[in-house]
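Peer 1: Produce the entire structure from the sequences given, and follow the hints as far as they go.
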Amino acid sequence: AQSVAQPEDQVNVAEGNPLTVKCTYSVSGNPYLFWYVQYPNRGLQFLLKYITGDNLVKGSYGFEAEFNKSQTSFHLKKPSALVSDSALYFCAVRDEDYKYIFGTGTRLKVLA
Amino acid sequence: DAGVTQSPTHLIKTRGQHVTLRCSPISGHKSVSWYQQVLGQGPQFIFQYYEKEERGRGNFPDRFSARQFPNYSSELNVNALLLGDSALYLCASSEQGSYGYTFGSGTRLTVV
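These protein sequences, in sequence, are chains Y and B.
Okay, so the first sequence: first residue is 1 according to the numbering used here, each after it adds one.
Okay, so the second sequence: first residue is 1 according to the numbering used here, each after it adds one.
Bear in mind the hints are in silico, worked out from the structure with no lab data behind them.
It should be emphasised that the depicted structure is a prediction, and the values quoted were computed from it without experimental measurement.
There's no promise every hint is true.
Examples of chain B residues toward chain Y, derived with CB under 7 angstroms [claimed, not checked]:
no.	residue
1	G42
2	P43
3	F45
4	G56
5	N59
6	L90
7	Y99
8	G100
9	F103
10	G104
11	S105
12	G106
Simulated pairs of lysine-lysine, BS3-like, Cα-Cα distance not exceeding 30 angstroms [as the list claims (entries may be wrong)]:
no.	chain 1	residue 1	chain 2	residue 2
13	Y	K22	Y	K69
14	Y	K69	Y	K49
15	Y	K77	Y	K22
16	Y	K58	Y	K22
17	Y	K58	B	K30
18	B	K30	Y	K49
19	Y	K77	Y	K58
20	Y	K49	B	K52
21	Y	K69	Y	K58
Partial list, computed: chain Y residues near chain B (C-beta under 10 angstroms) [said to hold, decoys possible]:
no.	residue
22	F34
23	Q45
24	F67
25	F90
26	I101
Even for Gly, the Cβ is constructed at its ideal location relative to N, Cα and C.
Peer 2: Now the structure itself:
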């Protein structure tokens with residue numbers, strides 16, 4: 001069965017510093033991986049996806065993610081964090097039936 | 001372009017009642033999926049519909065049902081509401097063959 005794990009419930013980072021939000025996955029076959037962000041009382045907003053190709057994927061709002069097959073990871077990164085990046089981040093994998101399996105989420109807090 | 005629209009945005013129901021949630025996909029999207037997000041958790045897959053046919057069902061009781069209409073809009077119905085059904089219900093639409101979903105802002109259901 002496909003699954004993703006987000007090992008950190010919360011990540012704190014100072015504004016201007018680089019941020020990393022971790023995600024590891026377990027899939028049979030090729031992984032289709034996604035990152036979404038959720039602001040309070042809102043739905044999910046798409047950030048980026050990995051389907052195939054370059055291991056470094058660039059997405060919305062300056063975010064990027066690095067696909068690492070040997071470590072089965074898909075960590076979300078940003079070179080310089082903004083206070084407005086503070087939100088709940090979800091990693092997801094798409095299974096063979098086209099449904100998404102989400103991680104438990106990581107709350108990112110960027111401190112001014 | 002309008003995104004995925006869901007109605008109502010909020011509602012409060014009493015245990016044992018029935019509720020209907022509605023979703024209009026992005027124009028041209030023929031696939032609609034429903035997810036339940038309980039506070040503090042990642043979204044959980046409920047249903048997927050494509051061209052008015054059920055393509056997948058998550059691990060939810062038979063109290064949950066859905067349908068898709070000829071205009072590709074969708075309804076999620078929940079009977080005999082329980083306190084544990086309190087959650088944010090998210091609808092997502094996608095194009096056939098697409099790797100990504102677009103989510104609506106959700107319906108916040110509170111069961112008292």
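Peer 1: Decide, hint by hint, whether the structure agrees.
Peer 2: Results for each hint:
1. Among the interface hints, the one on G42/B holds; its C-beta lies about 3 angstroms from the nearest C-beta in chain Y, closer than the 7 angstroms criterion.
2. Checking P43/B against chain Y: minimum C-beta separation of about 5 angstroms stays under 7 angstroms; hint holds.
3. Because the smallest distance between the Cβ of F45/B and any Cβ of chain Y comes to about 4 angstroms, under 7 angstroms, the interface hint for this residue holds.
4. A hinted interface residue such as G56/B counts as satisfied when its beta carbon comes closer than 7 angstroms to some beta carbon of chain Y; here the least separation is about 5 angstroms, so the hint holds.
5. The restraint placing N59/B at the interface with chain Y is violated, with a minimum CB-CB distance near 11 angstroms, outside the 7 angstroms limit.
6. Taking 7 angstroms as the C-beta cut-off, the interface hint given for L90/B holds, the closest approach to chain Y being about 6 angstroms.
7. For Y99/B, the suggested interface contact is upheld, since its CB lies about 5 angstroms from the closest CB of chain Y, less than 7 angstroms.
8. Given the 7 angstroms rule on beta carbons, the hint for G100/B holds: about 6 angstroms separates it from the nearest Cβ of chain Y.
9. Look at F103/B: its Cβ gets to within about 4 angstroms of chain Y, closer than 7 angstroms, so that hint holds up.
10. Nearest Cβ of chain Y to the Cβ of G104/B: about 5 angstroms, under the 7 angstroms cut. The hint holds.
11. Checking S105/B against chain Y by beta carbon gives a least distance of about 4 angstroms; that is within 7 angstroms, so the hint holds.
12. Checking G106/B against chain Y by beta carbon gives a least distance of about 5 angstroms; that is within 7 angstroms, so the hint holds.
13. Between K22/Y and K69/Y the alpha-carbon distance is near 14 angstroms, which keeps this suggested pair within the 30 angstroms criterion.
14. A distance of roughly 15 angstroms separates the Cα atoms of K69/Y and K49/Y; the hinted pair therefore holds under the 30 angstroms criterion.
15. Only pairs whose Cα atoms come within 30 angstroms are accepted, and K77/Y paired with K22/Y is accepted, the gap being roughly 9 angstroms.
16. With a CA separation close to 16 angstroms, the supplied pair K58/Y and K22/Y stays within the 30 angstroms bound.
17. Restraint check: the Cα-Cα separation between K58/Y and K30/B comes to about 27 angstroms, which is no more than 30 angstroms; the hinted pair holds.
18. The hinted pair formed by K30/B and K49/Y meets the criterion: a straight-line CA distance of about 21 angstroms does not exceed 30 angstroms.
19. The suggested pairing of K77/Y with K58/Y holds, with an alpha-carbon distance near 10 angstroms, which does not exceed 30 angstroms.
20. Proposed proximity of K49/Y and K52/B is supported: the alpha carbons are some 27 angstroms apart, at most 30 angstroms.
21. With a CA separation close to 17 angstroms, the supplied pair K69/Y and K58/Y stays within the 30 angstroms bound.
22. Given hint, F34/Y at the interface with chain B, holds; its Cβ is 7 angstroms from that chain's nearest Cβ, closer than 10 angstroms.
23. Satisfaction of the interface hint for Q45/Y is found here, the shortest Cβ-Cβ separation to chain B being roughly 7 angstroms, below the 10 angstroms cut-off.
24. For F67/Y, the interface hint is violated, the least distance from its beta-carbon to any beta-carbon of chain B being 14 angstroms, above 10 angstroms.
25. Because the smallest distance between the Cβ of F90/Y and any Cβ of chain B comes to about 6 angstroms, under 10 angstroms, the interface hint for this residue holds.
26. Hint status for I101/Y: holds, given a least beta-carbon distance of 7 angstroms to chain B, under 10 angstroms.
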